[in-house]
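Line by line, the protein sequences give chains E and S. Here the first sequence stands for residues 1 to 347, where the numbers follow my numbering. Here the second sequence stands for residues 1 to 347, where the numbers follow my numbering.
Careful: at least some of the hints might be erroneous.
Since the list gives no way to pick out one identical chain from another, each pair is judged satisfied if it fits inside one copy or across any two copies.
Straight-line distance between alpha carbons at most 30 Å, and here's what the computed DSSO-like set of lysine-lysine pairs gives [to be verified]:
(1) Lys221 - Lys46
(2) Lys319 - Lys162
(3) Lys336 - Lys115
(4) Lys119 - Lys212
(5) Lys212 - Lys19
(6) Lys119 - Lys4
(7) Lys4 - Lys212
(8) Lys19 - Lys115
Everything labelled a hint here was simulated from the structure, so no lab data went into it.
Residue-level listing of the chains:
2 protein chains.
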Amino acid sequence: MSEKRTELGQLGEFGLINKLTSGFTTHVTTTLKGVGDDAAVIATSKNEAMLVSTDMLVEGVHFNLMYTPLMHLGYKAVVVNLSDIYAMNGTPKQITVSIAVSSRFPVEALEELYKGIQKACDFYKIDLIGGDTTSSLSGLMISITAIGTAKKSEIVYRNGAKEFDLVVVSGDLGGAYMGLQVLEREKEVFKANPSIQPDLDGHDYLLERQLKPEARKDVIKMLKELEVQPTSMIDISDGLASEIMHICTSSNTGCTIYDDRIPIDAKTSMLAIELNMDPITAALNGGEDYELLFTVNQSAYEKIASNPHFTVIGHITDKESGINLVDKQGSVIELKAQGWNHFSEKE
Amino acid sequence: MSEKRTELGQLGEFGLINKLTSGFTTHVTTTLKGVGDDAAVIATSKNEAMLVSTDMLVEGVHFNLMYTPLMHLGYKAVVVNLSDIYAMNGTPKQITVSIAVSSRFPVEALEELYKGIQKACDFYKIDLIGGDTTSSLSGLMISITAIGTAKKSEIVYRNGAKEFDLVVVSGDLGGAYMGLQVLEREKEVFKANPSIQPDLDGHDYLLERQLKPEARKDVIKMLKELEVQPTSMIDISDGLASEIMHICTSSNTGCTIYDDRIPIDAKTSMLAIELNMDPITAALNGGEDYELLFTVNQSAYEKIASNPHFTVIGHITDKESGINLVDKQGSVIELKAQGWNHFSEKE
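Excised from the complex, chain E in its bound form (with noise of 0.2 Å):
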């Protein structure tokens, strides 16, 4: 091994994976779409492929169970993999769940969890066909594959995007950031005071969508009736800015985003203000929302615009354009993702 010591937060986590694959090569023709969108794209026939996505949570950096229950956590940990899926505009099958677990978990622990996995797995109607269970030197690890499948010429990736298409986001942004806030926030007082109760009253929404985010199965249904097939499409775990400019990136392309037309919910914005926040903060930085983003041609604005489930919040642009935000007073400002970056934290 080399001497030369270059630390992990350097890179991000974008710049550490392109590092660590660039010298890979292809060997079999039925890789259709490797490393690079939400799930990878295997033919399978002629007409058909499948999607194959994968997601690591590790205790203490993706979850604390201080205050995330344990079948909470199984759920979501399915939800956010089939989300993937869905981004590809195909359809969740299988998954496979492989654990580390220390010993301090006794096995009622981990019955919670895979009554929370096998909740998503009957609700989403897909298949648990696998997985390996082994012991941790610490702490929870939780690794997850979903496996979809899609006709081939269904699939959306995240590089289709054309100029003067309609930037669209599903329901609404921010929430699981600010339910994160709330959680965090009990914690302090339970931390300070343990004989107080925590007051969670009144933050329902914002919890839901921090602690049981569902993958939006609907809106690829709502699409396929309306027969809107998006040009790009990628889920919102990082974050809006993180995920537009993964879309711009691939696709070659700009895009202008409106401020005001960014959808936050009133209890969202509400809890934002008490805590000092800008609401478009947790909207484009916050994650973990699960919603969808998607790039569609102008023809489709009717019938994108009059369905109360999608807001069109900006449209695409030539590459030299920039990326942009335009806040209310018509300032243009060139967005960044600030995503997570997990590496900057310490050890």
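Here the structure of chain E is known, so what remains is to put chain S in place on it, guided by the hints.
Just chain S, lined up with the frame of chain E:
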């Protein structure tokens, strides 16, 4: 959650998996085989299927970086998953690799790990198609999912062994375990006196069995060329005793294995004797050899027995006869799998 606390070690790995997954039902008609074999099987067309296998490796549990070079670790992590695909008589095509890593690792360490992963991809002609890279609070975790293909009619499950079938093993057993003993011994010497250079001379074969195992791609090819399709098959990851029990339990049979037929390399035997161990114990319970254990109809005897890569070690019996080992004195001993029970170790 109930107040009952059952320790993870009480159930054993397979008991735990059964307990956690027993409530799951099947929703998808393409799921041909879920939990319970080397790989899951998903139908992709009338005659074709996809195989999916996943494994999680945890630092301090599955590997020790004090004596495991990261490049070898990357290579081995891929190989153990491919071995599961071959054990279904399939052809691996793609892998996903997820890692969780603490900031004690520099980028250069992960580059070494991925060099090994790439070497395995190039050697076995498979594609890396995705994964996840995240931070951990301590240590390194690697979760790999391997995807392969097979004709449905050629897939070999664990449950197809029939009475009178021959029990066959490829290569030789116990070497990987004895390689581990060499490394552990040198680790203790090093801990006692760091100025002493490790004495690994003469143990190349055993060290390679432990540090750089290969999946038996060649065995699958040979069986096809011989036109022998095993009636059941499994790869030897946990030791011969554990694997033969899986085959017999799944197939609802017993078996008789002959102690003196078990193929053990002279280097394995010599070191075992030097360390006051019975070489048979290393073969039965050592694990990590990644050879293939399979059963064939007696009509294939000539083809199998004349091939130097294969050893007939016994035969399948009816269930009531039990799972037995006949030792050199002709005594019959009932086999008990020790395998690995990670959860019985201290946290």
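We went through each hint and held it up to the structure:
Proximity of lysine 221 and lysine 46 under a CA criterion of 30 Å is satisfied in both settings, with 24 Å inside one chain copy and 27 Å between copies. For a Cα distance limit of 30 Å, the shortest separation of lysine 319 from lysine 162 inside one copy, 10 Å, qualifies, whereas the shortest one across copies, 65 Å, does not. Proximity of lysine 336 to lysine 115 under the C-alpha cut-off of 30 Å is found in neither arrangement, the shortest distances being 39 Å within a copy and 32 Å between copies. Taking identical chains as interchangeable, the C-alpha atoms of lysine 119 and lysine 212 lie at most 30 Å apart only when both belong to the same chain, with a minimum of 11 Å there against 40 Å between chains.
Taking the closest pair of Cα atoms, lysine 212 and lysine 19 come within 30 Å of each other only across two copies (24 Å); inside a single copy the shortest separation is 34 Å, beyond that limit. In the homo-oligomer, the alpha carbons of lysine 119 and lysine 4 lie at most 30 Å apart only across protomers (22 Å), although the nearest pairing inside one protomer, at 48 Å, exceeds that limit. For the homomeric pair lysine 4 and lysine 212, the shortest alpha-carbon distance between copies (26 Å) is at most 30 Å, but the shortest distance inside one copy (43 Å) is not. Taking CA atoms no more than 30 Å apart as the test, lysine 19 paired with lysine 115 passes between copies only; the shortest distance there is 11 Å, against 38 Å inside one copy.
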